[in-house]
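Chains as they are written, first to last, in the numbering used here: chain A, 1 to 514; chain B, 1 to 514.
By construction, these hints were calculated from the structure, which means they are not laboratory data.
Keep in mind that a hint or two might mislead.
Chain copies aren't distinguished; within one or between two, either way the pair holds.
Said to hold, decoys possible - Here are the simulated PhoX-like pairs of lysine-lysine, each with C-alpha atoms no more than 25 Å apart in a straight line:
#: 1; residue 1: Lys-398; residue 2: Lys-26
#: 2; residue 1: Lys-26; residue 2: Lys-446
#: 3; residue 1: Lys-229; residue 2: Lys-446
#: 4; residue 1: Lys-147; residue 2: Lys-505
#: 5; residue 1: Lys-505; residue 2: Lys-348
#: 6; residue 1: Lys-229; residue 2: Lys-389
#: 7; residue 1: Lys-221; residue 2: Lys-47
#: 8; residue 1: Lys-261; residue 2: Lys-102
There are 2 protein chains.
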Amino acid sequence: MNEKIESNMTESAPSLRERFRQYVHKMKSYEETVGVLYYDLRTQAPKEAVEGRAEVIGTLSTELFKLSTSEELGQYLSELSEPELWQQLDEVDRKLVEELKKEYDRSKKIPAEMYQEYVTLTSKAESVWEEAKEASDFARFQPYLEKIVAFNQRFVELWGYEGHPYNTLLDTYEPGLTVDQLDEVFGVVRERAVPLVAEIARQHQPQRDFLYSGFDEEQQKAFSTYILKEIGFSFRAGRLDASAHPFAIGLNLGDVRITTKYLPNDITFSLFSSIHEGGHALYEQNISSKLAGTPLCTGTSMAIHESQSRYWENKVGRSLSFWKKHYGKLQEMFPDAFGSVSLETFYKAINVVEPSLIRIEADELTYNLHIMIRYELEKALIGGELEVKDLPQAWNAKYEEYLGITPPNDAKGVLQDVHWSGGSFGYFPSYSLGNMYAAQLMHTMKQQIPDYEAHIEAGELHVLKDWLTAHIYQHGKLLTPGELIERITGQSLDPAYLVDYLDEKYRQVYSLES
Amino acid sequence: MNEKIESNMTESAPSLRERFRQYVHKMKSYEETVGVLYYDLRTQAPKEAVEGRAEVIGTLSTELFKLSTSEELGQYLSELSEPELWQQLDEVDRKLVEELKKEYDRSKKIPAEMYQEYVTLTSKAESVWEEAKEASDFARFQPYLEKIVAFNQRFVELWGYEGHPYNTLLDTYEPGLTVDQLDEVFGVVRERAVPLVAEIARQHQPQRDFLYSGFDEEQQKAFSTYILKEIGFSFRAGRLDASAHPFAIGLNLGDVRITTKYLPNDITFSLFSSIHEGGHALYEQNISSKLAGTPLCTGTSMAIHESQSRYWENKVGRSLSFWKKHYGKLQEMFPDAFGSVSLETFYKAINVVEPSLIRIEADELTYNLHIMIRYELEKALIGGELEVKDLPQAWNAKYEEYLGITPPNDAKGVLQDVHWSGGSFGYFPSYSLGNMYAAQLMHTMKQQIPDYEAHIEAGELHVLKDWLTAHIYQHGKLLTPGELIERITGQSLDPAYLVDYLDEKYRQVYSLES
Chain A
1 MNEKIESNMT ESAPSLRERF RQYVHKMKSY EETVGVLYYD LRTQAPKEAV EGRAEVIGTL
61 STELFKLSTS EELGQYLSEL SEPELWQQLD EVDRKLVEEL KKEYDRSKKI PAEMYQEYVT
121 LTSKAESVWE EAKEASDFAR FQPYLEKIVA FNQRFVELWG YEGHPYNTLL DTYEPGLTVD
181 QLDEVFGVVR ERAVPLVAEI ARQHQPQRDF LYSGFDEEQQ KAFSTYILKE IGFSFRAGRL
241 DASAHPFAIG LNLGDVRITT KYLPNDITFS LFSSIHEGGH ALYEQNISSK LAGTPLCTGT
301 SMAIHESQSR YWENKVGRSL SFWKKHYGKL QEMFPDAFGS VSLETFYKAI NVVEPSLIRI
361 EADELTYNLH IMIRYELEKA LIGGELEVKD LPQAWNAKYE EYLGITPPND AKGVLQDVHW
421 SGGSFGYFPS YSLGNMYAAQ LMHTMKQQIP DYEAHIEAGE LHVLKDWLTA HIYQHGKLLT
481 PGELIERITG QSLDPAYLVD YLDEKYRQVY SLES
Chain B
1 MNEKIESNMT ESAPSLRERF RQYVHKMKSY EETVGVLYYD LRTQAPKEAV EGRAEVIGTL
61 STELFKLSTS EELGQYLSEL SEPELWQQLD EVDRKLVEEL KKEYDRSKKI PAEMYQEYVT
121 LTSKAESVWE EAKEASDFAR FQPYLEKIVA FNQRFVELWG YEGHPYNTLL DTYEPGLTVD
181 QLDEVFGVVR ERAVPLVAEI ARQHQPQRDF LYSGFDEEQQ KAFSTYILKE IGFSFRAGRL
241 DASAHPFAIG LNLGDVRITT KYLPNDITFS LFSSIHEGGH ALYEQNISSK LAGTPLCTGT
301 SMAIHESQSR YWENKVGRSL SFWKKHYGKL QEMFPDAFGS VSLETFYKAI NVVEPSLIRI
361 EADELTYNLH IMIRYELEKA LIGGELEVKD LPQAWNAKYE EYLGITPPND AKGVLQDVHW
421 SGGSFGYFPS YSLGNMYAAQ LMHTMKQQIP DYEAHIEAGE LHVLKDWLTA HIYQHGKLLT
481 PGELIERITG QSLDPAYLVD YLDEKYRQVY SLES
């Protein structure tokens with residue numbers, strides 16, 4: 001009762017703001033908790049823990065969903081949006097209100113039972129997808145995928161859309177991104193990357209068998225650790241572990257963890273996935289502490305996040321300058337494999353381009369074609385121009401068209417990715433956008449950082465990290481992807497930087513004429 | 001609204017029971033979550049994670065406390081206690097209602113603000129205790145401990161008590177235990193263990209320097225793992241990790257984890273703490289699955305739990321029969337340390353009795369005297385017969401009286417244990433009760449298991465584990481400690497078994513006259 005009297009009579013902005021902040025902090029605590037549970041499950045929980053733990057994660061996630069759609073939060077958001085109070089809010093508070101309101105309004109438009117039904121469907125669908133992939137049998141997964149697509153179409157109707165219905169889904173992962181933009185940027189990729197891939201496919205491949213000899217797990221781990229320290233990953237505020245699939249997770253500012261996987265006969269997997277996840281981690285470790293404990297304390301979008309993992313993995317980690325500094329160490333740690341392999345040979349081997357069936361194994365160049373295929377198919381599915389039953393044929397046709405190869409079965413084709421079983425439509429384009437952002441950012445970095453290459457050759461990678469921290473990392477989610485890229489590079493997303501970079505690099509690697 | 005109509009018109013036991021069970025399951029999910037967060041923090045979280053994570057644990061613990069004191073739970077408990085519904089409940093439901101009601105009534109008697117104040121006080125007090133211990137300065141901790149004692153005295157008043165006020169605190173850890181019983185059992189210990197310790201102190205000590213040579217951490221880990229497998233710890237449903245202080249935690253039936261610590265110059269620490277925590281884990285891994293996901297899925301009391309860790313650590317792990325089987329393996333893994341040490345010499349070395357200042361480093365025999373001292377001091381503090389300011393002197397006097405040694409400073413005396421800073425009064429006696437239960441249970445085991453020693457010598461420890469599972473582990477919290485010990489041994493707790501066992505064992509180890 002006292003509280004009500006107080007809220008009517010003496011309520012002022014700071015106190016409402018304070019309570020809002022506490023509420024947000026609680027949400028973030030749940031998010032962090034779910035993160036720890038997830039990380040534990042993926043990296044170290046014993047076999048028999050899994051079933052019970054999955055339920056616990058479900059319970060906590062549901063609590064988090066309730067918090068993010070509660071009347072109480074709605075009240076905070078609407079009161080703080082009143083002009084009088086709004087004026088008293090600082091930049092962080094305002095962005096928090098905006099972000100949460102967007103999320104809140106979206107969630108509120110979906111009836112609770114529909115959402116519940118969808119959650120149940122997708123969690124079942126993931127198991128069915130696993131079985132279907134195992135059996136390489138799309139028909140088994142088809143009825144689930146049909147429902148998931150239908151749900152997403154209904155969500156789009158409920159959320160509303162402008163232009164293409166797929167735009168609304170894109171916006172979930174990359175705020176403001178549209179089909180028109182994507183068609184344009186992928187058009188550029190198609191026009192220049194497809195013929196380049198075809199040209200390379202006719203070349204003689206460099207030697208690379210030495211990458212696939214035997215590698216001791218402990219030594220691999222030691223080398224990944226070495227490289228992570230070199231790029232500036234803080235082990236005081238993070239960990240490296242092993243898991244079935246590599247991932248990165250920012251639990252809080254002082255706890256950003258990454259995983260990799262040590263394959264006995266392939267050093268490249270642990271090496272480049274460590275750098276890739278390390279790139280994600282650098283972003284999460286270097287956000288301004290003023291955003292700590294809020295939902296703004298993370299990357300601004302999937303694509304910008306991916307731009308960082310891919311910048312460090314490919315633009316740095318697969319560059320000649322980088323290996324001029326670190327190849328000696330690699331040779332020292334794996335003398336049997338690399339003792340008699342020259343730097344030049346090694347560099348070409350880690351930059352082999354080859355049309356292949358599996359996205360996650362694809363090289364830097366063809367990777368974008370894998371994504372383009374998924375984008376075109378998703379867009380058609382959501383737009384109603386393609387039916388789920390026709391998806392495998394459409395998939396195979398596109399692989400033939402863009403990469404010149406046809407999957408022998410569904411497991412190596414349409415069933416290879418988990419994303420659709422979880423309903424993540426609109427997610428795939430982020431990967432290619434990440435490549436595009438990375439190339440565009442690197443172009444600016446080279447202009448603004450004197451002796452850019454020399455720093456990399458000298459192992460002074462902190463110069464890169466500091467620049468990225470100042471321009472990207474520290475801002476967390478305070479700036480939108482569009483604001484960020486515009487502010488840094490002076491223009492909006494332009495795929496030309498990526499295709500120029502790829503063209504130059506791979507013509508050099510394969511000694512092609514320009 | 002629909003739900004209300006339903007609950008008035010068509011409510012029947014199964015549906016209320018179902019909702020109650022879901023509620024309880026949710027509580028258990030929170031408990032499991034806090035457990036995972038805690039385990040992660042102690043075993044692997046990076047340094048900079050700690051501050052933020054401690055807050056998250058606080059938030060989730062508060063949510064759990066709210067769940068366990070909510071109106072909703074109170075409603076379930078009172079409705080299910082109505083004779084009509086009660087009759088329809090099975091054994092598990094009834095015990096759940098009883099246990100939660102006891103907890104609920106206790107919590108409800110403490111005003112929320114008082115509890116909050118106490119939680120804040122104890123969490124501060126733990127840091128202050130750490131500093132005070134570091135500086136060996138009791139005066140720094142004194143004002144906090146005074147408040148904590150005063151709070152506990154107030155709690156006892158609010159909860160009510162019969163006989164001695166300390167009884168109510170004892171009941172928290174060992175339901176039904178009283179000061180009268182404890183005075184009697186510790187009387188027996190004092191009468192027979194104190195002179196035995198004094199007699200041994202006059203003897204020549206066996207050689208034991210080989211236990212404290214250099215031991216490789218990986219090898220120690222491998223040996224702990226070997227021994228844990230031998231006693232029946234399931235690594236499919238558990239883990240072994242390293243942490244600053246060893247502990248065991250049952251997260252769910254399929255996930256029971258233990259920790260140890262590898263000291264480079266002391267094999268006994270990792271070895272016996274692994275077996276000790278392994279004993280706790282065997283209990284938690286072998287509870288009936290019908291109790292899974294409920295608060296009954298744990299040991300029935302601190303003391304019964306401790307009886308299991310101590311049974312496996314001391315009665316099994318420090319027995320000659322056990323090492324007849326496993327000493328060869330130890331020699332094989334650490335040839336430098338044990339290659340030329342006979343089994344007999346090793347056995348005597350791991351059973352050295354020596355009055356010492358630090359409880360957690362104490363041997364099997366003197367350990368009980370450390371506990372007795374704490375029990376007598378706690379009882380006096382809570383009873384108001386001893387003031388906190390006089391505690392260090394009282395502590396030192398008792399160490400002189402029972403162990404014949406006086407702590408040189410507070411760090412090695414009254415400040416050595418964390419328990420009081422957290423307000424855990426009534427907890428210490430569980431350790432000695434555990435020893436007593438263990439001895440009494442072993443007496444029955446030897447009667448009921450033909451060739452008891454021969455099984456141990458043959459490494460057939462599953463015979464012991466199966467017996468303990470059938471008689472203790474499977475029941476979880478379904479039976480009280482009193483019911484359990486009465487049912488198994490045909491009588492209530494009797495300390496004679498412990499002192500008989502200790503007398504026989506250590507007279508043999510030290511070749512004393514009986």
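Here's how the hints hold up against the structure:
Proximity of Lys-398 and Lys-26 under a CA criterion of 25 Å is satisfied in neither setting, with 46 Å inside one chain copy and 48 Å between copies. Taking CA atoms no more than 25 Å apart as the test, Lys-26 paired with Lys-446 passes in neither setting, with 42 Å inside one copy and 54 Å between copies. Taking the shortest Cα distances, Lys-229 and Lys-446 sit within 25 Å of each other inside one copy (23 Å), while across copies they are farther apart (58 Å). With identical chains, the CA atoms of Lys-147 and Lys-505 are never at most 25 Å apart, being 43 Å at best within one copy and 71 Å at best between copies.
Taking identical chains as interchangeable, the C-alpha atoms of Lys-505 and Lys-348 lie at most 25 Å apart only when both belong to the same chain, with a minimum of 11 Å there against 71 Å between chains. Within a single copy, Lys-229 and Lys-389 get their C-alpha atoms no closer than 48 Å, and across copies no closer than 51 Å, so neither meets the 25 Å cut-off. Taking identical chains as interchangeable, the C-alpha atoms of Lys-221 and Lys-47 lie at most 25 Å apart whether they share a chain (23 Å) or sit on different chains (20 Å). Within a single copy, Lys-261 and Lys-102 get their C-alpha atoms no closer than 37 Å, and across copies no closer than 49 Å, so neither meets the 25 Å cut-off.
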